[in-house]
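J.: If you read the protein sequences in the order shown, they are chains A and B.
Start counting the first sequence at 41; every next residue gets the next number (the numbering used here).
Start counting the second sequence at 64; every next residue gets the next number (the numbering used here).
Don't read these hints as lab results, they were simulated from the structure.
Among the clues, some could well be false.
Pairwise CB distance ranges (calculated) [as the list claims (entries may be wrong)]:
#: 1; chain 1: A; residue 1: Tyr362; chain 2: B; residue 2: Ile118; range: 23 to 33 angstroms
#: 2; chain 1: B; residue 1: Phe121; chain 2: A; residue 2: Arg142; range: 19 to 29 angstroms
#: 3; chain 1: B; residue 1: Ile118; chain 2: A; residue 2: Arg142; range: 43 to 53 angstroms
#: 4; chain 1: A; residue 1: Gln143; chain 2: B; residue 2: Ile111; range: 44 to 54 angstroms
#: 5; chain 1: B; residue 1: Thr187; chain 2: A; residue 2: Lys110; range: 53 to 63 angstroms
#: 6; chain 1: A; residue 1: Ile393; chain 2: B; residue 2: Trp137; range: 48 to 58 angstroms
#: 7; chain 1: B; residue 1: Ile118; chain 2: A; residue 2: Ala443; range: 34 to 44 angstroms
#: 8; chain 1: B; residue 1: Met145; chain 2: A; residue 2: Ser287; range: 17 to 27 angstroms
Here are the simulated lysine-lysine pairs, PhoX-like style, with alpha carbons at most 20 angstroms apart [what the hints assert, rightly or not]:
#: 9; chain 1: A; residue 1: Lys253; chain 2: B; residue 2: Lys150
#: 10; chain 1: B; residue 1: Lys233; chain 2: B; residue 2: Lys66
#: 11; chain 1: B; residue 1: Lys209; chain 2: B; residue 2: Lys183
#: 12; chain 1: B; residue 1: Lys195; chain 2: A; residue 2: Lys253
Here's a subset of chain B near chain A, in silico, CB distances under 10 angstroms, partners left out [said to hold, decoys possible]:
#: 13; residue: Phe97
#: 14; residue: Ala120
#: 15; residue: Gly124
#: 16; residue: Phe126
#: 17; residue: Met145
#: 18; residue: Ser157
#: 19; residue: Phe163
C-beta atoms are modelled at their ideal positions from N, C-alpha and C, and glycine is treated no differently.
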Amino acid sequence: MQHVSPIREPLVTGGKTYHDITEDVCRQVEAKPNPRWAAAFAVSLVGLGIFFYSVYRTLWFGIGEWGLNKTVGWAWDITNFVWWVGIGHAGTLISAVLLLFRQKWRSSINRAAEAMTIFAVICAAMFPVLHMGRPWLAYWVLPLPNTFGSLWVNFNSPLLWDVFAISTYFSVSLVFWYIGLIPDFATIRDRATGPIARRAYALLSMNWTGSAKSWSRYETVSLILAGVATPLVLSVHTIVSMDFATSVIPGWHTTIFPPYFVAGAIFSGFAMVLTLMIITRKVFKLEDYITLEHVESMNKVIITTGSIVGVAYTTEFFIAWYSGVEYEQYAFINRAFGPYWWAYWSMMTCNVITPQLFWFRKIRRSLTATFIISIFVNIGMWFERFVIIVTSLHRDYLPSSWAMFSPTIIDIGIYVGTFGLFFTLFFLFVKFFPVVNMAEVKAILKSSSEVPHGHHTPANSMHGTHGTTTDTKSKTHHNE
Amino acid sequence: MNKKFVLGIYDDEDVLLTAIENIRAAGTKIHEVFSPYPIHGIDDVLGIKRSRLPIVAFFCGLFGTSFALWMQIWMLGFDWPMIIGGKPHIALPSFIPVTFELTVLCAAFGMVITFFIVSKLKPTLRVNMFDKRSTDDKFVMAIEVKEGVTNMAALNDLLRSNGAIEVNEKEVVK
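Looking at chain A on its own, in the form it has when it is part of the complex (with noise of 0.2 angstroms):
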């Protein structure tokens, strides 16, 4: 008797069982590369080649090599940096709310988005420490007593809460990946055939043999991990916006930039999520573990969290004309019909229209709809950052100091470099480590999946994939 729900779709589609699921998911890593992969690869390498030439530019020469002036002293700097620090917090969100939650849709997905958390907070680290002009000394951040005396880093600074929470987000999250990486890792060491995989797979996956007690304890450390990381998720983008929201300036001094940046930031991630995954099932044919059920259900996602982002536009504006300050109205005047207009319309365009799309349920399971729409919420959450920024910086309180930002070829080397990056790690994950979480896909598979063949046993399906379920007297026995 195998649950079939009247309401949900199965999560795991084909009539799969254990077995094929440990066929599909480690068929890439032990396979030679893939051509398709290895052209991709050869891309982002080329990528890679062009982010170390402009970091080379901006450490020999200096900050001048970038488009900043007295005015706009951030421009694509801390644009690049809140956008990739936002892309990273959808990874975070799958793993740890969406555990919380209960939700099952997550277990084929959390793998690989928290990857991109990792490397997304990679690239986004790279544009503060080189903003620093002298990155080597990129440890003077850190409360060290100096060599000049006892004098400590400044506590009242958001710069330095970023350090705090973007170090400890990013520590926390290659925890909990690789804790969920370990039983994997077995899987394939138990599996590998030559000397130097068993041996790696080995020390990776840290002598895991799949006990159920430590299996028990496993289950206590995600769900712990996941309970502290979800207020995580939330102060990271909290405090990055208060890098702004505690200055003066008008168009940041704004009470409403904590959740208006942790919604965009869910927004942006879940769209990298998308474009990521689209292509990765495509290419290593997972197209049964990766169902349109999960694209639907993310899709809903970014539909809700661009609707925040929309009434945030929104508030902004009302709120700069009703406080009555004629800077803040000013500011946001500006930023619609001032010089920077066309990168207002592009982000109202791409974040508040283009995810609307959304609400048609044919356009929510099209995969080519999907893709395309997750590139323009790409693009409009890179213009919130930049018009954020760069409108509210370039006309302040003194119009004699006003001017125009206008990126180097080295700013846009930078940031076509950090995607370089980026794709680099994430093409060398897809090769080198599952990319689905084998494990956890087949503690869901009897309650969600389509019959799988040959099994012929009932299934308990209110089995929850965490948690201490203890049901299981009441399960219809079968035995031989």
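Knowing the structure of chain A, use the given hints to seat chain B on it.
T.: Relative to the frame of chain A, chain B by itself:
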């Protein structure tokens, strides 16, 4: 000393759970059960106690909170007091973000390190698996054989009658 185990191999979690109940009810001690994924309800059937890792996480988190508060208050309030933006030396609201982050960091790392230690997880090349298929699609139940005490034929029957698809023996060099 070498230890000998009888391994019952299962291919379904529900059959396994029933088997564990019946075998334990028959008075046989189960050494360990290996599975490719966490099975819900197995803790109760096997009699595994609830993990105390949440308590570890709580106290590590508490340490993080107190350390962060002490660090900031001492550094900016006592060791090198500076007036920044007209704020008091000990400006608690602006210490909250760093305190929160260090709480999470200490709780997460403290718990994970404890997990690695108690579960004996460490990078090693020598992995002793009872049956390698238990990381793929099989569920393995290991029962220790006591020389002269265990009735092998009866044990075999017990495992088979409870749905084991294979019964194997394995010697482990300790």
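J.: Indicate, hint by hint, whether the structure satisfies it.
T.: Okay, the hints, checked on the actual structure:
| no. | hint | result |
| --- | --- | --- |
| 1 | A:Tyr362 x B:Ile118: 23 to 33 angstroms | 50 angstroms, violated |
| 2 | B:Phe121 x A:Arg142: 19 to 29 angstroms | 22 angstroms, holds |
| 3 | B:Ile118 x A:Arg142: 43 to 53 angstroms | 23 angstroms, violated |
| 4 | A:Gln143 x B:Ile111: 44 to 54 angstroms | 26 angstroms, violated |
| 5 | B:Thr187 x A:Lys110: 53 to 63 angstroms | 58 angstroms, holds |
| 6 | A:Ile393 x B:Trp137: 48 to 58 angstroms | 52 angstroms, holds |
| 7 | B:Ile118 x A:Ala443: 34 to 44 angstroms | 57 angstroms, violated |
| 8 | B:Met145 x A:Ser287: 17 to 27 angstroms | 20 angstroms, holds |
| 9 | A:Lys253 x B:Lys150 | 52 angstroms, violated |
| 10 | B:Lys233 x B:Lys66 | 8 angstroms, holds |
| 11 | B:Lys209 x B:Lys183 | 25 angstroms, violated |
| 12 | B:Lys195 x A:Lys253 | 18 angstroms, holds |
| 13 | Phe97 | 5 angstroms, holds |
| 14 | Ala120 | 5 angstroms, holds |
| 15 | Gly124 | 8 angstroms, holds |
| 16 | Phe126 | 14 angstroms, violated |
| 17 | Met145 | 8 angstroms, holds |
| 18 | Ser157 | 4 angstroms, holds |
| 19 | Phe163 | 6 angstroms, holds |
Checked against the numbered hints above, the structure violates hints 1, 3, 4, 7, 9, 11, 16; every other hint is satisfied.
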